[in-house]
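So the protein lines, in turn, are chains U and A.
Each residue of the first sequence is one higher than the one before, starting from 1 at the first, in full-length UniProt numbering.
Each residue of the second sequence is one higher than the one before, starting from 1 at the first, in full-length UniProt numbering.
Think of the hints as simulated: they come from the structure by calculation, not from any bench.
Just to be clear, a hint being listed does not mean it is correct.
The list makes no distinction among identical chains, and a pair is therefore deemed to hold if it is satisfied within one copy or across any two copies.
Quick list of in silico lysine to any residue cross-link-like pairs, SDA-like style, CA-CA up to 25 angstroms [as the list claims (entries may be wrong)]: (1) 59 with 34; (2) 59 with 37; (3) 59 with 143; (4) 59 with 69; (5) 59 with 124; (6) 59 with 75; (7) 59 with 185; (8) 59 with 72; (9) 59 with 35; (10) 59 with 32; (11) 59 with 47; (12) 59 with 180; (13) 59 with 25; (14) 59 with 127; (15) 59 with 18; (16) 59 with 12; (17) 59 with 23; (18) 59 with 117; (19) 59 with 145.
Protein chains: 2
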Amino acid sequence: MAYRTTAARQDRDLELRQRILDCALARVAEGGFAALTMQALAEDAGIATGSLYRHFRGKGELAAEVFARASQHEVDALAAVLRTPGRPDARLAAGLERFAARAWHSRRLAFALIAEPVDPEVDEQRLLYREAYAELFVELLEEGVRAGVFQLEQVALGAACLVGAIAEALVGPLSPPARAAREQGRSGPDLPEVSRTLVTFCLRAVGASLPAEEKQQ
Amino acid sequence: MAYRTTAARQDRDLELRQRILDCALARVAEGGFAALTMQALAEDAGIATGSLYRHFRGKGELAAEVFARASQHEVDALAAVLRTPGRPDARLAAGLERFAARAWHSRRLAFALIAEPVDPEVDEQRLLYREAYAELFVELLEEGVRAGVFQLEQVALGAACLVGAIAEALVGPLSPPARAAREQGRSGPDLPEVSRTLVTFCLRAVGASLPAEEKQQ
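With the sequences and hints as input, model every part of the structure.
The structure is reproduced here in structure tokens:
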């Protein structure tokens, strides 16, 4: 009986933890990590701030976990596209388009994940997830080099360059100053332009002979 | 007389502030921002920790200023190369080689500036300096597009992609895990390989027709 009580309690704890994380993600998607305060989150989840601290030592730990879950979701989404059958160059293009579109449609979250200034615990996770993205690209680039579709000597370095280029292309047009400019009516590039520029940049960079290049002329 | 005393005191204050910042940069170059504690720094500068707080409110503010000074130095060094006379593609290649070499020869500092997890104040500066780098590339890319040397529709986006690719290429081989691997005898790419990969990646990406590509074959 004691055992069953403990198990039930563990279930409730896990369920509450999940609810806290869901509320936290909603906050970050709405207002970035800046909006993720322990007090506001406790209110969202309908619990006392003290209970919140029983689940997470502090904002840094909580932010890092929100970051890791949201990022894993993006990595999985990208992996699903990059690992479909087909030509490596077409899959790279499709993966970039998918990634850009997802970021574009959750801009506040994308900026928070990629570049919002935040606790060092999140920076630690950023480095780990950049490696996770890089590994996906290494896989694809190696396949493409073997198939003669990509021309690259240092596949791991090329993959790192791709990760950096993608993140920075999206931070620019997704950043708060760029959003402010758009809200004031000054126009930035739109999703199709960002997407096309990114695809052209990356395909050319890895030495693919482009259908995209012909399109661009 | 009162005025002269005040002026002399201001000079001494400025001099001490400069000495603190020099000591702080030396610490970061040696052990990253992790090695920059207020207590150790006060000892290096030969002052009481209390005096240190009279000049800087805390580690975040101090780290942000060390970051800004070191980064401005790198921006200036890159600008000097990118703004020399000559063909835009050759200047881009020379700028990338210079940047990679400087980072390679101060790896701990380069990793600290580009990616070490650290206070949000430094992350804020990172965003600003990425824009400063991007502006340098915008200038060069615009010139190259006008000259027909580069093929790019969205110059600002292309510049952002370059900034990201460069940072990520250098964080990889400069990161603590990569350094640990090298110390254990597993080899990573060396500077000429990193430099050549980066130049080829970036020149191809912006649509330059490469002498570098022929070299690579």
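Here's how the hints hold up against the structure:
{"no.": "1", "hint": "59 with 34", "in the structure": "both (11 angstroms within a copy, 20 angstroms between copies)"}
{"no.": "2", "hint": "59 with 37", "in the structure": "both (7 angstroms within a copy, 22 angstroms between copies)"}
{"no.": "3", "hint": "59 with 143", "in the structure": "neither (41 angstroms within a copy, 46 angstroms between copies)"}
{"no.": "4", "hint": "59 with 69", "in the structure": "within (15 angstroms within a copy, 30 angstroms between copies)"}
{"no.": "5", "hint": "59 with 124", "in the structure": "both (14 angstroms within a copy, 19 angstroms between copies)"}
{"no.": "6", "hint": "59 with 75", "in the structure": "within (24 angstroms within a copy, 34 angstroms between copies)"}
{"no.": "7", "hint": "59 with 185", "in the structure": "neither (36 angstroms within a copy, 39 angstroms between copies)"}
{"no.": "8", "hint": "59 with 72", "in the structure": "within (20 angstroms within a copy, 32 angstroms between copies)"}
{"no.": "9", "hint": "59 with 35", "in the structure": "both (11 angstroms within a copy, 23 angstroms between copies)"}
{"no.": "10", "hint": "59 with 32", "in the structure": "both (13 angstroms within a copy, 24 angstroms between copies)"}
{"no.": "11", "hint": "59 with 47", "in the structure": "within (16 angstroms within a copy, 34 angstroms between copies)"}
{"no.": "12", "hint": "59 with 180", "in the structure": "neither (27 angstroms within a copy, 30 angstroms between copies)"}
{"no.": "13", "hint": "59 with 25", "in the structure": "within (13 angstroms within a copy, 29 angstroms between copies)"}
{"no.": "14", "hint": "59 with 127", "in the structure": "both (19 angstroms within a copy, 22 angstroms between copies)"}
{"no.": "15", "hint": "59 with 18", "in the structure": "within (16 angstroms within a copy, 34 angstroms between copies)"}
{"no.": "16", "hint": "59 with 12", "in the structure": "within (22 angstroms within a copy, 40 angstroms between copies)"}
{"no.": "17", "hint": "59 with 23", "in the structure": "within (14 angstroms within a copy, 32 angstroms between copies)"}
{"no.": "18", "hint": "59 with 117", "in the structure": "both (14 angstroms within a copy, 16 angstroms between copies)"}
{"no.": "19", "hint": "59 with 145", "in the structure": "neither (44 angstroms within a copy, 47 angstroms between copies)"}
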